[in-house]
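Sequence lines, in order, name chains A and B. Residue numbering for the first sequence is 2 to 452, as defined by the working numbering. Residue numbering for the second sequence is 2 to 452, as defined by the working numbering.
Keep in mind that the hints are not guaranteed to be accurate.
Computed list of lysine-lysine pairs in DSSO-like fashion (alpha-carbon distance at most 27 Å, straight line) [to be verified]:
| id | chain 1 | residue 1 | chain 2 | residue 2 |
| --- | --- | --- | --- | --- |
| 1 | A | Lys-197 | B | Lys-19 |
| 2 | A | Lys-193 | B | Lys-187 |
| 3 | B | Lys-262 | A | Lys-262 |
| 4 | A | Lys-29 | A | Lys-59 |
The set of hints was computed from the structure by calculation and includes no laboratory data. This structure is a prediction, so every number in the text was calculated from the model and none was measured.
There are 2 protein chains.
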Amino acid sequence: MEWYKIFTPELKELIESKNLKGLSLLLKDIHPADIADIIRTLEPTERVIALRVLKKTKIAEVFSLLDPEEEEELLGYFTERRAKVILLEMNPDDRTQLLDELPASLVKKLLKLFPLEEREETNILLNYPPESAGRIMTTEYVDLGTEITVSDALEHIRETGPDRETIYTCYAINKNRKLCGVVSLKDIILAKPDQKISDIMSGKVYRVHTTDDQEEAAKAIQKYDFLSLPVVDSEDRLVGIITVDDILDIMEEEATEDFHKMAAIQLSEERYFRAGYFKQLSGRVGWLFVLVLASTISGKILQKYSVALSSIIALAYFIPMLMGAGGNIGSQSSTLVIRALATGELTLKQWWKVLVREACAGFVIGAVLGTTAFFIAIFLLHNTLLGVTVGISVATVVTVGNLAGTATPLIFSYLRLDPAIVSAPLITTIIDVTGIIIYFEIARRILNIPT
Amino acid sequence: MEWYKIFTPELKELIESKNLKGLSLLLKDIHPADIADIIRTLEPTERVIALRVLKKTKIAEVFSLLDPEEEEELLGYFTERRAKVILLEMNPDDRTQLLDELPASLVKKLLKLFPLEEREETNILLNYPPESAGRIMTTEYVDLGTEITVSDALEHIRETGPDRETIYTCYAINKNRKLCGVVSLKDIILAKPDQKISDIMSGKVYRVHTTDDQEEAAKAIQKYDFLSLPVVDSEDRLVGIITVDDILDIMEEEATEDFHKMAAIQLSEERYFRAGYFKQLSGRVGWLFVLVLASTISGKILQKYSVALSSIIALAYFIPMLMGAGGNIGSQSSTLVIRALATGELTLKQWWKVLVREACAGFVIGAVLGTTAFFIAIFLLHNTLLGVTVGISVATVVTVGNLAGTATPLIFSYLRLDPAIVSAPLITTIIDVTGIIIYFEIARRILNIPT
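Construct all of the structure, not just a fragment, from the sequences and the given hints.
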């Protein structure tokens, strides 16, 4: 995949010898995404030289692919005028993302340099809430009047097309800029030149509002296989579009966010190295601290059973097995349910079906693991009664743990909380406490020990 | 989102009264993805009636969106001739997916009904390995000769376009069908009518081979923002394309697969209800069984420390806390590393950087949690020495657990194993065993107890 690496020695030599012409020739045919990768391997001063030989449109493209800190650092090497030119060449949505993460003082300074129109565009995008459709849309779409002919539309696309993010889906608007139809370039190409747009467009247009969550836009694009999705304001006027390539990145980010939440990591930034070291640290330590505090309860309960424990010390040997089995099955069922809720396969209405399904599954798996635990206990201690105790306890804890792992995300979802924060660690802690109580209550009865 | 549900009563009434004309009018403007959702809420016989009024191209589209069992059941209601017509209308990639999951005997019967050309096409797709680029590609792309003019190309697109999966990216091939360029419809529209395709095409075409992993195609489409990606055979001849809408589904499937693996669930099917009940059960019980067996080791080690344990029974109270803290931090660091490896942000070359970063993080978090554990122990038992023992043990286990969670996926990745199978449960079991040893060795020294 990383074929471009073979150029690196040549590139470094060209930079060192300040052979700008050779450098320009070398980089001309390389894709911006690859140039961004190459840039990352260079020293800061080398980066500036490599970027300088590119066309400004290409610099802007490379810029949108770099991380904000890298962008900020590089911007510092350019003059204000040149920085302005690069930023103006970027797509409004990429520019918003960059400005979003730069220090406020720098943003203010840079915005002042922009022509009024661009400034307004960027300001509009910046004013929508984070993770909203408005924040990720681009204002560079093709709109067509409903009453123009196909040949006029083609002429209009030829004129405005080069600047637009996509020309493959065009949106029909009426005089008040209200969205009233969608027509693909395919339909336009296949239509007769004198047909009107209103004749070939589809009047049913799926749309999202500027304040809708970006995930809703992602789900619609995925479900209907759209290449782009129109974004309208509260009065149904077309204000932007969201394109499928942005959705690919958003889906990856949302999945990563869920992975982190489920491992009890609270991070606003999804990327490993991009997240600041101390931010990442504090996002991790918070939940862990709570979970250590919560484990005081297990300690307290074990203390309550200390008489039983000291009369049969062997009971302690199986605490790790019991807690492990309960925690593992809980993390399995919660993962299955959380993921099915996230992909939209499972809806809350099916809660009853899922609970029955998982109750049965927990019972079967509990029987298998309980039997295994019985034999392990016999193998370790040659004591049938203790074996029975451990076996029944593991079976019960597994059944209960599976149900807890299923029910908790469903309850969270019902309460309109994000089910992904029902992290495996949280479930594990819940099951730990109930598991220990179940274990000692069963032991007390079977082994006839005092409490 | 589920606006179409308002039609359901009307729809059921139309079906019951066999008002096919009204039914046809009602369904005409509804998107195939929504019709598929509606179909799922109907009884089997109602489904057939609802489908019958649709145009065959639309039936084929709805079909591609249903689950294989649903498709198989519905196919049974159609005559063989009609089943053939529907299958022929489906895109080759969707058809392959359906045939892939139908019983072999039915596939054979259906394939016999196909015209030779279609049969060959489907057979070709079926012969590539599962999850390969060949399996998910479609053969319905637009290819253009390098020497034809832009106006001829537009004419060709107008003629063949209606059948093609996309016309927005066209591929230029030479006489031997070797892929030699790519040209977007945008470039064609913006070019002068008498320019040659070879003048406006880009000669650098990113391509995948039929046997490449589908994930490689997904990564390329995501990185370069392609709408489609050409697939070539071993002799670099163009044989198909992969489109961005399929990649959206693949990315979701791959993420779900990783979620499941990390919760120690082995499933070939990513969807919750679609996976057979017993298949899902056996995919879950395997790992759990291994992990219960592995916890025998913890039991055995605790048995070894039984003298220490019975002399200070309070040591047992903190086993859940210790195991919880170690397991949780291990699942945090393994999730961070596994996800960063999966998204390509982290490569193996950076292993040293990651290890140092996580060693420091583990040490800091260990200090915080160790101090917390110290105070909890004092609060529970009013015994400073025991508090010191628990505090130091938690701090050590957290530091070690964080490193184990970081190193294990890196090692798996180095051995070319999928790092996602380093599930949190596996890490937890490893940390359990080392944690208990660390705990009792520290206790033995600080509390001066026999072993």
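Checking one constraint from the list: CA of Lys-29 (chain A) to CA of Lys-59 (chain A), max 27 Å. Satisfied? Holds: Lys-29 (chain A) and Lys-59 (chain A) sit about 9 Å apart, inside 27 Å.
Given the hinted pair Lys-193 (chain A) and Lys-187 (chain B), is their Cα-Cα distance within 27 Å? Satisfied, since the Cα-Cα distance of roughly 19 Å is no more than 27 Å.
If you draw a straight line from the CA of Lys-262 (chain B) to the CA of Lys-262 (chain A), is it 27 Å or shorter? 16 Å, holds
Next pair to validate is Lys-197 (chain A) with Lys-19 (chain B); report whether the Cα-Cα distance is within 27 Å. At roughly 37 Å apart (the allowed maximum being 27 Å), Lys-19 (chain B) and Lys-197 (chain A) break the hint.
Hint 1 alone, counting from the list given before, is not met by this structure.
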